[in-house]
Structures are given as C-alpha cells and as structure tokens.
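Visitor: Each chain, written out:
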Amino acid sequence: MKKKTKAIALGIFFWGFCFTSFANASSEEFPVAPPPMTEGMFPCSNCHATMEVNRKKRVLKEEHVDMKLHHAETMRWCLDCHDVKNRDKLRLYNGEVINFTESYRLCGECHGPQYRDWRAGIHGKRTGYFMGSGKRTYYLCAHCHDPHEPKFKPIKPEPPPVLPMDKKHER
Amino acid sequence: MKDKRYTRREFIRNASLTALAGLSLPLLSSCAKEEAEDFLQKHFHEMTGEEKKQVIAKLEQRYLQKYGRKFQISTTEAVPDTLWGYGLELSRCIGCRRCVYACVKENNHSRHDPQLQWIRVLRLKRGNLINLENSDHYYNPDLVPEKGFVYLPVQCQQCQNPPCVKVCPVHATWQEPDGIVVVDYNWCIGCRYCIAACPYKGRVFNWAEPNIPKEEINPSVHYLGNRPRMKCAVEKCTFCIQRVRQGRYPACVEACPTGTRKFGNLLDPNSEIRYIIDRKRVFRLKEDLNTEPKFYYFFEA
Amino acid sequence: MEKLREIWNETWHFYKRTLILVATGSKLYYAWCFSLLAIIIAGLLFYIKQHDAGLIATNMNDQVSWGLYIANFTYLVGAAAAAVLLVVPSYVYQFKPIKEIVVLGELFAASSVMMAVLFVMVDLGRLDRFWHMLPLIGSMNFPESLLAWDVLALNGYLFLNLLIPIYLLVKFYYRKKPNWKFILPFILLSVPWAVGIHTVTAFLYNGLPARPFWNASILAPRFLASAFCSGPAIIIIIFQIIRKVSDIKLEDQALFKIAELIAYAMFLNLFLLGSELYKEYYSHSVHIAPVEYLFQGLHGHNLLVPWIWAAMTMNVIAFIIFLIPQTRKRLTTLNLGCIFVIIGVWIEKGPGFVIPGFVPDPLGEIHEYLPNLLELMVSFGIWALGLLVFTLLMKVAIPIETGKFTHTGYEKEITASRSH
Numbered sequence: 001m002k003k004k005t006k007a008i009a010l011g012i013f014f015w016g017f018c019f020t021s022f023a024n025a026s027s028e029e030f031p032v033a034p035p036p037m038t039e040g041m042f043p044c045s046n047c048h049a050t051m052e053v054n055r056k057k058r059v060l061k062e063e064h065v066d067m068k069l070h071h072a073e074t075m076r077w078c079l080d081c082h083d084v085k086n087r088d089k090l091r092l093y094n095g096e097v098i099n100f101t102e103s104y105r106l107c108g109e110c111h112g113p114q115y116r117d118w119r120a121g122i123h124g125k126r127t128g129y130f131m132g133s134g135k136r137t138y139y140l141c142a143h144c145h146d147p148h149e150p151k152f153k154p155i156k157p158e159p160p161p162v163l164p165m166d167k168k169h170e171r
Numbered sequence: 001m002k003d004k005r006y007t008r009r010e011f012i013r014n015a016s017l018t019a020l021a022g023l024s025l026p027l028l029s030s031c032a033k034e035e036a037e038d039f040l041q042k043h044f045h046e047m048t049g050e051e052k053k054q055v056i057a058k059l060e061q062r063y064l065q066k067y068g069r070k071f072q073i074s075t076t077e078a079v080p081d082t083l084w085g086y087g088l089e090l091s092r093c094i095g096c097r098r099c100v101y102a103c104v105k106e107n108n109h110s111r112h113d114p115q116l117q118w119i120r121v122l123r124l125k126r127g128n129l130i131n132l133e134n135s136d137h138y139y140n141p142d143l144v145p146e147k148g149f150v151y152l153p154v155q156c157q158q159c160q161n162p163p164c165v166k167v168c169p170v171h172a173t174w175q176e177p178d179g180i181v182v183v184d185y186n187w188c189i190g191c192r193y194c195i196a197a198c199p200y201k202g203r204v205f206n207w208a209e210p211n212i213p214k215e216e217i218n219p220s221v222h223y224l225g226n227r228p229r230m231k232c233a234v235e236k237c238t239f240c241i242q243r244v245r246q247g248r249y250p251a252c253v254e255a256c257p258t259g260t261r262k263f264g265n266l267l268d269p270n271s272e273i274r275y276i277i278d279r280k281r282v283f284r285l286k287e288d289l290n291t292e293p294k295f296y297y298f299f300e301a
Numbered sequence: 001m002e003k004l005r006e007i008w009n010e011t012w013h014f015y016k017r018t019l020i021l022v023a024t025g026s027k028l029y030y031a032w033c034f035s036l037l038a039i040i041i042a043g044l045l046f047y048i049k050q051h052d053a054g055l056i057a058t059n060m061n062d063q064v065s066w067g068l069y070i071a072n073f074t075y076l077v078g079a080a081a082a083a084v085l086l087v088v089p090s091y092v093y094q095f096k097p098i099k100e101i102v103v104l105g106e107l108f109a110a111s112s113v114m115m116a117v118l119f120v121m122v123d124l125g126r127l128d129r130f131w132h133m134l135p136l137i138g139s140m141n142f143p144e145s146l147l148a149w150d151v152l153a154l155n156g157y158l159f160l161n162l163l164i165p166i167y168l169l170v171k172f173y174y175r176k177k178p179n180w181k182f183i184l185p186f187i188l189l190s191v192p193w194a195v196g197i198h199t200v201t202a203f204l205y206n207g208l209p210a211r212p213f214w215n216a217s218i219l220a221p222r223f224l225a226s227a228f229c230s231g232p233a234i235i236i237i238i239f240q241i242i243r244k245v246s247d248i249k250l251e252d253q254a255l256f257k258i259a260e261l262i263a264y265a266m267f268l269n270l271f272l273l274g275s276e277l278y279k280e281y282y283s284h285s286v287h288i289a290p291v292e293y294l295f296q297g298l299h300g301h302n303l304l305v306p307w308i309w310a311a312m313t314m315n316v317i318a319f320i321i322f323l324i325p326q327t328r329k330r331l332t333t334l335n336l337g338c339i340f341v342i343i344g345v346w347i348e349k350g351p352g353f354v355i356p357g358f359v360p361d362p363l364g365e366i367h368e369y370l371p372n373l374l375e376l377m378v379s380f381g382i383w384a385l386g387l388l389v390f391t392l393l394m395k396v397a398i399p400i401e402t403g404k405f406t407h408t409g410y411e412k413e414i415t416a417s418r419s420h
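Protein chains in written order, with the numbering used here: chain E, 1 to 171; chain Y, 1 to 301; chain A, 1 to 420.
Excised from the complex, chain E in its bound form (with noise of 0.2 Å):
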C-alpha cells in the first residue's frame, strides 16, 4: 500500500510539475518595463471584485467613459480581452489568462508579424545596451500603443534646420 501511495503521488508530482512547466514555457521570460497603468486604476479588483458582470456588449456610460474603444470594436469589446472572472488579468483566445506584464502574448495573437519582430528586438522603440552585459529593457506593445486607440496620433515635428543665406527658396 505505501509503495503503491507512494508511486501514485510521485506521479501526481511529476505529471503536475510538467502541466506547470509547460504552462511556464509559454510564457517566455522578457525584461519587459511596468505595464504603464493609468495612475489609481490598478490592481482592477478593487472595484470589480464585487461588481456585478454584465457581459452585453455596450458603449460604457457609467464609468471609462474617459477612454474610447477604437481597436476591432466592430469584432470585439472589452470583456473579449479583459478576464470576466479576474479584472487584474487578461484572456486569451483559448481561455488562458495571463498578467498584465504578459500582454504581449495577447496582442501577438493578432498580430502575429509584429509579435514575431519584437522578439527577435526588431520591432519597437530600443534603448539601453545591445551588446555585452548592460541592462537591456523591452517595452510593452502598450508602452507605444493604447490598447484602445492604437493608432499614432500625429504630433509636433522639430524644428527645420536653418536655411543658408539664400535669397529665394520656393517649393
């Protein structure tokens, strides 16, 4: 009975330890910077832990009403990325629910050419050390682009360099 007990838990632990490191192995490990969370709104629990969940796909009146969803909204809505159970995580499209610091997964499901240059460091703003032992930082899809308005807005260029003395310069 004890060698049988025995076998059945060293295989429990063993089974359970590969189920663990494979789900680890998905989730591959990037210096990534903090998620850049609008200031007060996180962890999301606060207030959703004992909120009720409406799952009708709606235009929010009561609350983010400050943000505007402009990202696929004819296909999806809030609740499509955002975990209904957990509010401080994301869902992926088979169910799987990862951190906020791992959202790159979720945008890469979508975007899969971006999602394949950012890891090879090729997409995206870089900064830091490329080379030898410095600090190396990779930035969150979300650090460039608001999950809910991705598209750049323009801004400002920088001055124009100064013409030489030039009596006639037309365009």
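Incorrect hints may have been included.
[Stated by the list, open to error] Below, simulated EDC-like cross-link-like pairs (lysine to aspartate or glutamate); rule was C-alpha separation at most 20 Å, straight line: (1) K280/Y x E292/Y; (2) K56/E x E39/E; (3) K166/Y x E6/A; (4) K147/Y x E158/E.
[Unchecked claim] DEER-style ranges, computed between Cβ atoms: (5) V191/A x A36/Y: 42 to 52 Å; (6) F267/A x N290/Y: 53 to 63 Å; (7) K249/A x D288/Y: 53 to 63 Å; (8) H112/Y x L188/A: 22 to 32 Å; (9) S419/A x A36/Y: 49 to 59 Å; (10) R243/A x N161/Y: 20 to 30 Å; (11) Y264/A x E35/Y: 45 to 55 Å; (12) D66/E x N161/Y: 52 to 62 Å; (13) K70/Y x P159/E: 26 to 36 Å; (14) V195/A x E35/Y: 55 to 65 Å; (15) E146/Y x D66/E: 22 to 32 Å; (16) H112/Y x N94/E: 56 to 66 Å; (17) P143/A x H112/Y: 56 to 66 Å; (18) E35/Y x L19/A: 26 to 36 Å.
[To be verified] Here are some chain E residues the structure puts well away from chain Y; computed CB gaps all over 10 Å: (19) H48; (20) R58; (21) V65; (22) N99; (23) E109; (24) P113; (25) H123; (26) R126; (27) E149; (28) I155; (29) K156; (30) V162.
Hints in this document: simulated from the structure, not taken from any laboratory. For every residue, glycine included, the Cβ atom is placed at its ideal position computed from N, Cα and C.
Since the structure of chain E is provided, determine the placement of chains Y and A on it from the hints.
Guide: Chains Y and A only, in chain E's frame:
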C-alpha cells in the same frame, strides 16, 4: 645720381619691411591661443599612448575652462569582430526630427552660426524614392506624419568604400576596423574636398567656432567622436562611437518615438540588424555608386 | 664647392641689382604698382577678417562648399598651363617670332600658378595646418587623393617656371651662354608637366561619382581646350602692352599665329561643350539637373543663367573673330576677341563649372551662391598680387632680354663713377 638711387631703394626697403611687420601682427594675434597650442600636434595614428594621454589631459583642461564641466574623453579602440550596421524602417518614420535633435544634444553640435546637424530628414511624395531632387528638407507642418508623404532620414552611411576617405589630402579621415569612418578634428585642414565627394551629404563643416550652450553640453565624449570641435574642421555622424563601443545604442536609435531605427553588429548572426537583412526587403541609397553603405532601409507597409 | 659659391654670389649680386630695376620707373609704373598694392592690402585686411571669424564670413555653406576661390583657382591653373604649352613648343620648333618670348611666357605661367596656389590657401579652413599636406613632414595622402597630386604638380610647375627663366636671365645678365645640356631637359619637361597640372586639376573634379555634373570623362579634354583659349588670349594682350612700354620687338605675325591657335582651341571647346549638352539633353536622366540649372534655371532658381549665356555668346563671337582672317589680323577686333575669350572662359570654367556641381546637392537641395564682398575683395587682392608680381618680373626680365641691363653695363658704371 648714386645718392638718389640709394635713398629711393632704402625707402622702398624700409617701407616694405615695416608694412610686412605691421600686417603680420594682426595676423598672428588673430590666431587663437588654441591654434598655437595645437600647431604641432601629431596625427592621431602617429601618437604614442603617452602622447595621447597628454593630449587628453590638455583637452580636459581646455574644456573645463571653456564649459565648466569635467569631461571624460575616451579613446576606446574598436571592439574586435564588430562591424556596425544600421537599419531604418521607412514605413514607420513620421518625420518628427526627434532623432536630429537627440543627435545634436548627444554629440555637442554647434547650435547656431553655424547650425550643424548630422541627420537630415527628407520628405518625399509617395510614389518617388530615388529622385531626391523632389525632396523637401524644410517642411514644417503643425503635425506629422502628413498624408501622401514618406520621410527619409539620411546621415553618414559609414560606407565600406568611402569616397571621402579616398579624397582627403592629409589622411584626416579614415575608416576604423569596426566600420565607422572617423575624423581627427585636429588634423583636418578644412579643404572640404570630402564634402564635395560624399554622395549622401553626410559631412558638415564648422564654418565658424561652434556655439554650444554650456548647460546642454555632454561631457562623456570620444576623441574621434563627439568632443567639442573647433572652427573650420569637418565632422559627421560616428554612429555615436562613444556609445556603441560600450555596447549602448546610438542616441538617435533611443530617441525615435516610433521605433524606426535599428542598430547592431553585422558580424554577429544573432544581431537585430542581421535579422532584418535576412528577413526584410532591405535596400541602400545610391547603391550604383558602389560605396557599400552600412545603412539599410526597409519597408513593411 | 667653389663653383657653387660662385653661382650663389653671382645670383645674389644679380638679385640686388634687380631691386634697382624694380624701384625705378615711370610715373605710370608707380601709379600702377601702388594702386595694385592698395588692392592687395585691402584684400589682406578682408582675409584677416575671414581668418578670424572662420569661413562663415564667406557666402559658402554646407550645400555649396566651394565658391569663388576655387573657381578662380581652376581658371588660373588653365592659364598657367596654356602659357607654357604655347610658348615652349614654339621655341622648340623655332617659330622665330615667338622664340624671344619664352622667358616672358614662363614668368607669366609662374605668376598664374602662384595665384592659383594662393586661391587654394585662402580657401582652406585651417591654413595654420597647411603643413599636414607636406609629404614626409605631414601625412600627404598620395597617391589616393587627387588634391595631393595637385599640390605636388603645382609646386613642381612653379619650381620649373621659376628655375628656367631665372637661370636664363642670370646667364643673359652676365652675357654668358646658358648650359643647354642642363636647362633644356627642364624646358622640355615643362611641356608635359603643363598638360599634367591641368589634367590633375580636371581629375580632382572628375573622380567624384557623387557629383554627376563633374563625373564626365570629357572633363579633362574640355579643361585643356578652354585653357588653350584663355591662356594665349591673355598672352596676346600682355605682349601688346609689353611691346608698348618696352623695347621688345614683337611682330604682329606672332600675335596672329597665336590667335589662329585660339580659333582651333575654341572650336574644340565648343565641340566638346556641344557633346556634353547633347548627352545631357538627349538622355534626359535625372542628372540633367545641374545643366538645367546652369542654362535654364531649376525650379525658379536661375542666378547663373544670364552669366552662362553671356559667356556662350562671347565665346562664339570670339571664335568667329579668330576664324576669319580679316578680323583676326586687325588689332582692334583681335583685342576684342581676346577680351571676350578671357571673360567667357572665366565664366564657363570658374563659376559656371564649380557652382552647378553643387546644385542640386546630393540630397536634392538647391542653394544658390553668389560671392559676398569679402570673397570679392580677397579675390581681387590675389589677382592684384599676381599682376604686381608679374609686373615686377617683367620689369626685370625685359631690360635683360633687350640687353639694356647687363653686368658689363654695371661694371662700366662703376668704373665711370670711380674715375670721377
């Protein structure tokens, strides 16, 4: 008869000597003290390690006096097995010129009279990329990017067959082993032949003594890179030699808000730039001139 | 050793004597020299200002980085080359009317080269670092850099064109026969060297693929053809002046022969220009832009257009004048033709060559360039210096050539004054 000749000859001789002396005085005094100090300085390649240290000490002293900051002037050599390459994603450049001004700050450019910038952003109408004659350098709209235009930043391409190095009459510019084309500012005679030879307008000239505001000076410099220059010497982008030899990204790469700029070691198969060359549609400017530039442009959309 | 000391003593004595020649002259001579001196001093003062402030005091900028100074340099190298090319073969082929003026032609070449070198020197941003250009002492980039070749070629040419006339003049002064075995190789060398200096100058523009306006194989032949027009034209004018103010006998025949040569050279110049224009306008690639800028104006920028068309008109009129014997053999029309050639080729080879190379610049910018007062004054100063040097050289050379100024004459004077 003889007396008359004598006095006339003497007069002319004395007059010409005084004139020469009088005229040479302002010429000598207009030479700055720095010029006199640096007059016999050797070419960087010919300096021994000890001489380099002396020159660094002299420069540190000079910059301390001029700008009130303690400078760190490095003479780091090229990292072995490196050849720097640059990638630029044209589909993402929005023409905001943040790279231009980040470079100006990092590399201690003269801000005005003359204004020097190593990076030039060109605005081209969509449908045209090669005929740069139709580019606009002085666009200044309220917001960028503008519809119907593509933005093309250009800087020194660190060519593998650099025409500027070929034509310099005094070897003041040469290519380092890691591919960066550098200038020994103290050796340049200011003939501007290299500026005529460069197909990319990568090189600019200090037409006068540079004007750098003291509060914006960057004191971590490299002798061949961003140390404050002097009047009438040529300068150019050095891929931020003071940064990349330490493994840091150049300032323009860090400044770009849309992540357009990429940098890496062409000899490292795992580098970002090699990833780009292997997978993206890269091209280089004016490839028919056979200069073999290291600046790879590519498009996504 | 003894021989060398003798040569040194002779030359030094000769030099001291020439100072007398230079210091005495007519009122016109003094007026000429002092007005030139005034212009030189003005130029020098402006140059000091440029040296102080840096080249920002000129109108040059990053886009048009070479201007009036290099334009003048190109023209003067051509004039220097042509002087020797014309004069020395005439001497070698014993064309008698020109034989007497070899020395004068070479001195003209020397003054021209001196002016050209001065123009490069004022254009250098850091003249105090000129020693970096010297071979062995500095680090001259020979043989890769064409500017290094040019420095060697021009200085060698200057040396040749000072050695030969001074040697011959000293010998004439002492009424000694020149050692032809010694000097003839130098004279013969100066002919290919003259071709060399202008070819090297052409090559330094030619070898730049970044500037398609200059990157044409036709450049060196064009340079030589236009040099062969302007140099002899200047010589014709100068020799008429020399003929007037001194006893040198110069037959009209010599001048007409030179003018005939100019006609052929101008034909070649116009033909080569025509070839360039055909290639640009027929192929009509994007590289037509500088030619369009020069001849028509580009995007509204047309500063050089009236100049180049004036130059073209002058060149064609001069060509016709020199071609037709009646106009060629009449001094008034001949001189008019010469003036036209001098100015026309200066425009075509100076600003009309250097500036379009920078317009548009490699990134497509168009910046027009006009020299400012400082550049004009410094340029005038250098031209005045060249004219002054040439005048002083002539003041010495002509009396020696005509036999008026000799050592025997000096000795006679000394004995005459002693016996008083």
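Visitor: All the hints need checking, so say for each whether the structure fits it.
Guide: Against the structure, the hints:
At most 20 Å may separate the alpha-carbon atoms for a hinted pair to count; K280/Y and E292/Y meet this at roughly 18 Å. The straight-line distance between the Cα atoms of K56/E and E39/E is roughly 27 Å, outside the 20 Å bound, and the hint therefore fails. Proximity of K166/Y to E6/A is assessed by CA-CA distance (about 47 Å); at most 20 Å being required, the pair is judged violated. Between the alpha carbons of K147/Y and E158/E the distance comes to roughly 18 Å, so the proposed pair stays at or under 20 Å and holds.
For the hinted restraint 42 to 52 Å between V191/A and A36/Y, the CB-CB distance of approximately 44 Å keeps it satisfied. The hinted window of 53 to 63 Å between F267/A and N290/Y is violated, with their beta carbons roughly 37 Å apart. In this structure the supplied range 53 to 63 Å holds for K249/A paired with D288/Y, their Cβ-Cβ distance being about 60 Å. Take H112/Y and L188/A: their Cβ atoms lie about 57 Å apart, and the range 22 to 32 Å is violated.
The supplied range of 49 to 59 Å is met by S419/A and A36/Y, whose beta-carbon atoms lie about 57 Å from each other. Taking 20 to 30 Å as the suggested C-beta distance range, the pair R243/A and N161/Y does not conform, at roughly 55 Å. Our hint of 45 to 55 Å for Y264/A and E35/Y holds, since their Cβ atoms are close to 50 Å apart. Here the CB-CB span from D66/E to N161/Y is close to 56 Å, well matched to the stated 52 to 62 Å.
Between K70/Y and P159/E the beta carbon distance is about 31 Å. The supplied range of 26 to 36 Å therefore holds. Taking 55 to 65 Å as the suggested C-beta distance range, the pair V195/A and E35/Y does not conform, at roughly 39 Å. At roughly 28 Å, the beta-carbon separation of E146/Y and D66/E lies within the given 22 to 32 Å, and the hint holds. For H112/Y and N94/E, the Cβ-Cβ distance of about 59 Å falls inside the hinted range of 56 to 66 Å, so the restraint holds.
For the hinted restraint 56 to 66 Å between P143/A and H112/Y, the CB-CB distance of approximately 41 Å leaves it violated. Under the hint 26 to 36 Å, the C-beta atoms of E35/Y and L19/A, about 35 Å apart, fit the expected range. H48/E, annotated as away from the interface, keeps every beta carbon of chain Y farther than 10 Å; the closest lies near 33 Å. No beta-carbon of chain Y comes within 10 Å of the beta-carbon of R58/E; the shortest separation is about 33 Å.
Non-interface status of V65/E relative to chain Y is upheld: no Cβ of that chain comes within 10 Å, the nearest being about 26 Å off. At roughly 23 Å from the closest C-beta of chain Y, the C-beta of N99/E stays outside 10 Å, upholding its exclusion from the interface. For E109/E, the non-interface assignment is confirmed: its Cβ lies about 19 Å from the closest Cβ of chain Y, beyond the 10 Å cut-off. Non-interface status of P113/E relative to chain Y is broken: a Cβ of that chain comes within 10 Å, the nearest being about 8 Å off.
Not every C-beta of chain Y lies more than 10 Å from that of H123/E, the closest at about 6 Å, which undercuts listing it as non-interface. At roughly 6 Å, the least C-beta separation between R126/E and chain Y is not larger than 10 Å, which violates its mark as non-interface. With a minimum CB-CB distance of about 16 Å to chain Y, E149/E clears the 10 Å threshold, and the non-interface call stands. Interface exclusion of I155/E from chain Y breaks down, the closest Cβ pair being 6 Å apart, not more than 10 Å.
Taking the minimum C-beta to C-beta distance to chain Y, about 6 Å, the non-interface status of K156/E is violated against the 10 Å cut. Separation of V162/E from chain Y is inadequate, the least Cβ-Cβ distance of about 5 Å not exceeding the 10 Å criterion.
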